[in-house]
Each structure stands twice: as structure tokens, then as C-alpha cells.
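Full structure from sequences and hints, please.
Residue numbers (my numbering), protein chains in the order written: chain A, 1184 to 1582; chain B, 189 to 940.
Honestly, the hints are just simulated from the structure, not real lab data. Cβ atoms here follow ideal geometry from the backbone N, Cα and C, with glycine treated the same way.
Covered stretches of chain A (in silico footprint by chain B; criterion: 3 or more residues with CB under 8 Å from a CB of chain B, positions within the stretch not fixed):
hint, segment
1, 1452–1461
2, 1491–1500
3, 1510–1518
4, 1535–1548
Label pairs and their in silico Cβ distance ranges:
hint, chain 1, residue 1, chain 2, residue 2, range
5, B, R345, A, T1225, 55 to 61 Å
6, A, K1462, B, E384, 34 to 40 Å
7, A, P1249, B, S346, 28 to 34 Å
The lines below spell out each chain.
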Amino acid sequence: MTGANSFSVSGYGPERSGWARLFARDSLARRLDWPILLCSVTLSVIGAALVYSATRNRTELNQGDPYYFLVRHLLNTGIGFALMVATIWLGHRTLRTAVPILYGVSVFLVLLVLTPLGATINGAHAWIKLGGGFSLQPSEFVKVTIILGMAMLLAARVDAGDKEYPDHRTVVQALGLAAVPILITLLMPDLGSVMVMVIIVLGVLLASGASNRWVLGLIGTGATGAVAVWQLKILDEYQINRFAAFANPELDPAGVGYNTNQARIAIGSGGLFGTGLGKGSQTTGQFVPEQQTDFVFTVAGEELGFVGAGLIIVLLGVVLWRACRIARETTELYGTIVAAGIIAWFAFQSFENIGMTLGIMPVAGLPLPFVSYGGSSMFAVWVAVGLLQSIRVQRPMSA
Amino acid sequence: MTNIPETGRTPRVQIRLVIIQILVVSLLGTLGGRLWYLQIREGEAYAKEASGNHVQQVVDPAVRGSILDARGVPIADNETRLVVSASRTDLLKMDDDGKAVLTKLAGVLGMKPKEVMNKVRLCDSKTPQPCWNGSPYQPIPITDEATAKQALQIRERSEDFPGITAEPQAVRRYPAPGKANTAQVLGYLSPVTDEEIQQAQNTSSPYLRSDQVGRSGLERQYDKQLRGKAGVTRYEVDNLGRVIGQAEADPAHPGSNLVTSIDARVQRIAEYELNEAMKEARKQLDRNTGVNYKADSGAVVVMEAKTGRVVAMASNPTYDPNAWVGGISGKDYATLTGKKSNYPLLNRAIQGQSAPGSIFKVVPTAAAINAGYSFNGPYECSSSYALGGQVFKNFESKGYGPISLGRALEVSCDTVFYRLSHEEWKRDGGTKPKKNANDWFYKTAHQFGLGDETGIDLPNEVTGRIPDRQWKKDYWKANKDVWCKTGKKDGSYAERIAYENCLEGNRLRAGDSINYSIGQGDTLVTPIQMATIYAAISNGGTLYDPAVGKAVISADGKNVQEIKPKSHGKLPMTKQTRDEIDDALAGVATRGTAAWRFTGWPQDKIPMHAKTGTAEVYGKQTTSWFATYTKDYSIVMTISQGGTGSGASAPAVRKLYNALYGVSEDGKIDKKKALLPTPQKNLPKIESDGSIDAPKVAAYPPKNAEKATGQGEQSAPVETPAATVNPPTTGNRNTRRRSARHGGQKRRRTTP
Chain A
1184 MTGANSFSVS GYGPERSGWA RLFARDSLAR RLDWPILLCS VTLSVIGAAL
1234 VYSATRNRTE LNQGDPYYFL VRHLLNTGIG FALMVATIWL GHRTLRTAVP
1284 ILYGVSVFLV LLVLTPLGAT INGAHAWIKL GGGFSLQPSE FVKVTIILGM
1334 AMLLAARVDA GDKEYPDHRT VVQALGLAAV PILITLLMPD LGSVMVMVII
1384 VLGVLLASGA SNRWVLGLIG TGATGAVAVW QLKILDEYQI NRFAAFANPE
1434 LDPAGVGYNT NQARIAIGSG GLFGTGLGKG SQTTGQFVPE QQTDFVFTVA
1484 GEELGFVGAG LIIVLLGVVL WRACRIARET TELYGTIVAA GIIAWFAFQS
1534 FENIGMTLGI MPVAGLPLPF VSYGGSSMFA VWVAVGLLQS IRVQRPMSA
Chain B
189 MTNIPETGRT PRVQIRLVII QILVVSLLGT LGGRLWYLQI REGEAYAKEA
239 SGNHVQQVVD PAVRGSILDA RGVPIADNET RLVVSASRTD LLKMDDDGKA
289 VLTKLAGVLG MKPKEVMNKV RLCDSKTPQP CWNGSPYQPI PITDEATAKQ
339 ALQIRERSED FPGITAEPQA VRRYPAPGKA NTAQVLGYLS PVTDEEIQQA
389 QNTSSPYLRS DQVGRSGLER QYDKQLRGKA GVTRYEVDNL GRVIGQAEAD
439 PAHPGSNLVT SIDARVQRIA EYELNEAMKE ARKQLDRNTG VNYKADSGAV
489 VVMEAKTGRV VAMASNPTYD PNAWVGGISG KDYATLTGKK SNYPLLNRAI
539 QGQSAPGSIF KVVPTAAAIN AGYSFNGPYE CSSSYALGGQ VFKNFESKGY
589 GPISLGRALE VSCDTVFYRL SHEEWKRDGG TKPKKNANDW FYKTAHQFGL
639 GDETGIDLPN EVTGRIPDRQ WKKDYWKANK DVWCKTGKKD GSYAERIAYE
689 NCLEGNRLRA GDSINYSIGQ GDTLVTPIQM ATIYAAISNG GTLYDPAVGK
739 AVISADGKNV QEIKPKSHGK LPMTKQTRDE IDDALAGVAT RGTAAWRFTG
789 WPQDKIPMHA KTGTAEVYGK QTTSWFATYT KDYSIVMTIS QGGTGSGASA
839 PAVRKLYNAL YGVSEDGKID KKKALLPTPQ KNLPKIESDG SIDAPKVAAY
889 PPKNAEKATG QGEQSAPVET PAATVNPPTT GNRNTRRRSA RHGGQKRRRT
939 TP
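Okay, here's the thing in C-alpha cells:
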């Protein structure tokens, strides 16, 4: 077996062609996690089809071009893919050195949202308008930088061999690092992203080996925080309504409960095989709001049925399963923590997004990784895939 | 430092990674399970909900078929009214939910804005009328009495009135041609109820919310045929109610027309003369009670003798069926159904029952022959018949000596029938009947179809009653408790009767059999039953099911379904007996009890047969009955508390025959004046465009005659105000007529 950063091929002559070298043992291609890559691409392509179906006759959104969102979704996927390649090429270890800069930039962007540059979309003040129809959701990138930042702090002394587990001081530092953007996001307020970030922090702490007290403490703080947020009326009315509608979907079928009700009808009416792409009456009739973004899963449910919607869950499952393997198999704690953070992120965001369309989670404005339309989310998710690949590619192949 | 050499992970981290992995898998598993639950287990329910979500029906109501008389004159049809409607979906798309448009519309229609807005709001538990309880996607009618000017204003400035339409629409109308309103025969419509919609949901003819349903008379009996099938267009709509596609469209099939055997002219005469006869009766003093006859109700039936088809059927008191159109007002409803109303909705020709009196005598005559007595007898027609201490008198206590059964019919001798019936009763075992008692007099009555429905094609016919042994038993069982409680041996008349009934009311007593033999006592018949029986004697013995409907013809005239005469039996008599009875009944008209009413009748050309009847009802004045027939028609008339058969009813019946055959009072036949010397055979022709070439109906009585008799009809005390229908003479009326011409209503107006 060769060393971790060896890109050469052993056992074969130097005159081997590029293709052969690419797929030779221990080559980069061989060490890439193909299931994750394939599943991610497939999810993005399915997402493109669903986004197209949901938007082709929403003339008030697509500026008269039925392919407007399809093209953009594919473009976003392409950019995301390029970002993944770049991430792999740089490697997560290289990025480790750039973490302070990345973290600073992302926190700055999040702060920008609170300035007049910020924009409100669907009740969430979480966007920066860039002009030309483009807008940026910095909280998506914060998810990545929180993972990288915390991992850097928590793994530093362990990977150096100084300690078996991160000490309390490091944990406090790491939590402080995460708390800054989380609090800013809470002020927006973008509750969905806050929830994801808290879960990420939890995943990161779990994987870092920090003592159980910290983990339990964080869960306790999260719960108290939730109660406090509720009691102190930090939430806007629309957010309270969402929870009320979740508790009782029949509350007001034309108002607050409308989204969840229509989403469930759309999914339920899909049956085993669905109505076929573009043939769903709930989708065509635009009964479900935000169907290209947060409620994209309802399109899958109605038009692709149990088979298609189930496939999305399975593909996400494969990505997460492989990510878990990557987390377990890498020798560095840094890689493990990053992978675990990404797992927490993807798993919770997918569960929350799909769960709300199925009526088992309250409504929160979160995109479904790979599938939902939205550039910021797509880029962040693909960067995360790049990080996972990098951890796998760069892990020592033998002890 | 490491327990797991391969990765160098500490066990704590490793365990936690496994926990994360398990958590991830269980989260995704939860999603999968929930997905299965929604899509596979509950999928069908959600699919249903989804289709209800985005498919909206727009109903195009079918035009209800007309009801025509035998010559094609409409007695129930539709008129075109200008209906202004608002589309709720269009209004809701406006910024102010259409308030401005509705306010403007209210100005044009001369209504209050609030009134208009209330009409377009949707009904729910909290919203009182007026409100719309139909589909919100259905145009909501705001008024059906718009004038042409108003409609033009709305149409010409359609950009000012988005979502508002002014269209001509068909509304039911009972035109009463020649003032023949035919109210109880036609029946009426009212809106369908939720229950009916539910019940008819899975049948071949489901109801729509906008449907009107026949509630009585022909409208109810032939509702399915008349109603047609409403057109339904299903639109796929999006979440804002915008139409994004047409799912399917069933075109409307207009209802078929019902051709009846009613002749509007004869019907008019029947109604008019019945009313006149009742008015006349009220002028007569009843010597038994010392006050004038009340003549509170009456009925007359004119039937084709050879088919059982009803040419005219009048019931008095009557009312204007147009009161039901467009929803009956509370006041009208009270007038029609209240306790003081005398129930003008009842069709007394099929729902009024009373003792038949002597017109019943054809039944015991046939019964006697069947029991083995000879027609010629002779039988003693004494002035009275004694039974124990009781004396049963002949009518006006007159005796005729020994006579035949035929003569007994002619002079209406009661004692002959008393004696025969009593004798048969004794032979059957009296109050202790033999096992195989013949009960000829009762059996024969049942064979005549009495005590049973005639099967006429009108709803809620009553059966009448033959008080035979079985009925006595049943009746006693039902009433003995009351009788035994109230009965007193030495009390008042009613108490003594109750006492007797309590003791032996379950037995057919001698007195019962004697009373029964002349159609008295507990015997009850309806006019339609008697008309059927006398028609059967005329036609040689076939008891036809009376029928008003003659044919159902599709709106385009192409599909004609004739309603063939049906029979429910034969009279229980030989041809010889029939001929003998026939002769006797002709004798009634020429030399018997009805002769004085048929003086000058051309008996040689149009043989007339008749039987008078005067039934006594305990506590009331006598019921007048008159049953007649020729070879073509049978006419039966009755007036409750009206006096004698020949006295109260006969003149009206004579006038009907005069009109049918064109006979003048002096007996001359003017064939040109004859309305219907033979029954109408051919069906009216309905053109493929739905038009009907219907003849005019002349006024009856003719103008000069009406002046002579005065216009007393309106002032008849028991008649509801609108016994004859005068169309409303508002400005709207003109509009309707005009719009009818424009709006494609092709039927010719037949009212003069």
C-alpha cells in the first residue's frame, strides 16, 4: 500500500495511459466515494425535473420561460459540482488553514443580512439581494464554516496527539465560535437554519469525543432555548402560526394549515407510481406553495409516487450511510468531526424538510439538499460533498 | 491510545459515530414509513381529496319538459326570464372582492347594495338567508325579474360589470290555457333537498343542487322524464380558482314532454261548471238541516270509456300552481296548507273519499246476479224494510211494488237491495259466518276494484273502503279501547253507538249489510274509482287503470313513447248482465231519477246512461253523486254536502256532455260546436326544434254568456283567490314576452 498523499500508481509501468492511471489501484478515482457522487448527481437531476414541473407554468415567477428554473437549477448543480472538485483538489487539510478567513467572511455575510442590504423572502429575513435576480443566503455557508471552524478547534490537540479528547476550554471556544453566527441568524430570524446549526453543533460535539456532560448540556440548552424563544415572543407571528398549524392541521385549512394540508394531499394522492411527471393536478394547479424550494418533495410525492419519493429518501440514505463510513474510517479526528457535522446537517435538514411535507414536522423554511431550487444551498451542499470526498481520498489507506 | 488499530479512533468516538448512524437510519426510516402511510395506505382518500380540490363543476340545467294537453296545448311549460347572475370566482379576483361592481349593479337593478351582496355570499351555519347554498363556481342568480333595459345596460357595459351576466333562463310556468288551471293534476315543483340528493346519488338519475323536483301530481309522477339531464362541465382549476383546463363536458339533455289525455277546453268546462254547481248548491236550502248546503268541496272526472284516459279532472277548492314558482312565499304556503284552507292541494278526484250512495247500486246488482238471483225478479220494492225494531226506509218512502233489478236501478229502489243483501247475509251465517261464506256482495265490490287503488298515474291515490267482515274485525281491533271507554248503554246517540260497537263491532251485523247494499254506512269510494267502474260498464267490462299521461315525447319530437292503456281486471258480470244494467242505466237517464236533467237529450243518437246518488254522512249534509256514461266517455261528479245527485251535480255533467258532443239545450247536435265527439286519438306533433303546433283554447263560458252569469267565479267563498290564473301585469311581463321571442323560446303561445 502506498502513502496517503501518493497519486502515483504502483505495480504498473509509468507508460500507462491517463485513463488507466485514473482508475488504477489507489488512484484518486479509485479512492473517491462513487456512491456518494452518483447519488448526489442523481438527486440533483431529479431535483431539476421536479423544479421544472413545479415552475413551468408559474408565469408570475418564471418570467414566461418554462425552463427558467430548470436551466438555473442545472447551472447551480454545475457550479456546485465545480466547487466540489475544487474542494477535493484543495483538500480539507489545506482548507483547514483557511478556516479563519472562511469563517470571518461567512459571519460578515450573515451580519450583512441584518443591514439594509438584507432582504425578506417568505417571511424569513435571511437573504442578501445581489441584483439581477440573484440573491444569497449566507446562513447556508455558515453551516459549512461552523463545521470547519469547530472541527479545527476541537481536533487540533487530539490530532497532534496531545490529548485523547478535547478539553473543556477547547469545547467552550468551539461553542463560542458557533454561537456567534447562530445568534445572528436567530436575530434575522431564520429559525430553520438555527435549528440545523444547533443540530450540527450537537453532531460535531458528539464526534469530537467531548465529554457527555457537554453533549447533555447542549441538548438541555437547546430545549431551554426553544422554550425561551417561545416565551419571550422572539418568534414572528408567522412562525408561531406554523407551529400551531403543525399541532392542529385542520385549524384553518384556508390559512395557516393550508400549506401542510395541501402538501399532504399532493403526496397522498400520488399513490404507488404517481401521476407522472408534469401530470400532477395539485402541482399543475399550484395548490402547494413554494413547491420548487421548500415543498419540492410534494412534487415527487404526487408525480413520481411512492416509488419516486421513496427513491429520493433512499438516495439520501446512501449518501448519509457512506458519509458515516467515511467518518468512521478516517484516522484524523478533524476529518471525523467534519464528516459528522455534515451528516448531522444533511440528515436533520432532509428529515425536517421531508417531514414537514409529510406532516410529521412543523413547517420551517429549509431546502431539501440537492433537490430544492436555490443556489446558496446547492453550493454549500456540494462543497460539503467535496469535503467528504476529500476526507476519504486523503485518509491514510492503511494504519 | 487507540483501541481500534485500523482507524485510530477512540472507542467513545467510535460508539458515538455508530449512534449517529443509527439515528440517521431511524430518521430516514421514519420518513419512509410515513410516506408509505400517506401514499399507499391512505392514498385513495387523498386522491379523492385532491380531485375535489381542483375539479369544479359548472352545471347547465336541463330545460324541464312541458306538460301538454291531448292536442298539444301546454298546460305546464317554461317561460324565459332575464336572470342576472354573478360569478363569485370573478368577483373574488378583484381587489375589493367585487364590492364596487356589486354596488354598481345594485344601482342598475334598483336594489340595495347590501341586498345584492347578501345574495352572493355563501351559506354556512352562521349566515342567515339570503345566501347562496349552491356551488361557489356556479353563477349565482341575483334576480330573475330583470327588465330588458336593465339587461341591456349590463351587457352593453360589460367592462363595467366584470363577472356579471344577464341571460335569459327558463322558469316553470303554468299558463292555464283557456283558464283551465288543472292545478291538482299538474302538481308543483320545489327545490331538491339535501336528503334527496344523497339518496339519489348513486342512481341513474342523480339530482343536482339546482334541481327542482316534482312534489305532487304529474310533475311528481313523471319527474324523471320531465327533468331531463343537466349538462355538467368539469373544469380543472388552480388554487385561485382559475380554469386551467376542461376535464369533461356532458351536454344538457332537455326533459321530455308529457302529452296528457287532458283536453284543456273540457278541463276548463269541468272546473268552471263544478264551481258553478257548488255555488248553485249553496243557494239551496237543505231541508234536513235547515241551512243552505255548504258544498265545501267537489270533484269531477271525465274519462275516455274505452281506454281509461282522463280527459278532465277537476277538484274544488283549487289554487294557482304558479304560487310555487320561484319558491313559495310563507303567506301562500299558509293559505294552501293551513287549517282554514280546506286543503286546495288535495286532488279530490283521487284523494277525496266518501260513501257513494246509490251510484254504488250497480255493484249489488251484479252481486245479486252472481249470487244466483235473476235479473228480472220480480222483487218487492216496498216503501220500507223492517229489521227487528229498526226501519230502513226507501228514498222518500216511496214504494213501487214488485219490480226487476233493472227497474230498481232506474228508480233507485233501496228496499230491493236491502232485502237481497240481508238475505245473503243470513245465508252466509249472519253474525256467525260459515267457514266458506260466499259474501257475494262484498266479493263483487272488490272485483269491481273498490277498496283498492285504481292505479292512476298520479301519486297518493287513496283506496276507499269496502266494509267487509275482515275490515270490521281490523277496525274493531284498532278502536275497541276507545269505544269501550266512551260507550254508554243509555247515553247520547254517539255513546250508544260506541257501546254497541264495543260489544259487537267486530261482527258484520244485519244492519251493516243493509246499509252497505246501497253504498251507505262505512263504504267509501273515490270519484276516480266510480268513473273507472262506469267506464267499464260502457266498454263491455274492462276496468282500465285511469291514466292522465298519454305519451312521453323527447324534446326534439323524435322519440315517442306511448303510454298504452292498462287494465286491472274485468267486471264480474256476464255480457247479458252488462247489457241489462246498461239498459237500466239508460232508463235512469230517460225515465228514472236523472230523466228530468236530460230532457231533450238526443238519446237515439248519443245513448246516455246515468245513475244518481245521494249519500248520507253522519253529522253532515248529504253528498251529491252523479255517475254517467256514453259509449265514449264516463263522467262522475260529486259535491260534498251538496244535496242530491240529480239536483246538485247533474246540470254540470249535462253541460259537459253538451260541450263534448255539441248538443244544445234543446237537443240539437251541432257537430261544429262539438269539442270532442270522439276521444282525441292522434298525438300532437312536436317538431325537431321543439315547437308544437297547438290550437287555441277558446274562452269558456263564451264572453256574452259570462256577462249573463256574472263573474261570480272569483267571489266563490271556498275558492282560493287565484282559481283562474291571470298572468301578472307588471312591466316585467312585457320583457319576458319579448325576451321569449329573442331568447329562442320557439313554442307558440297558446293562451288567448
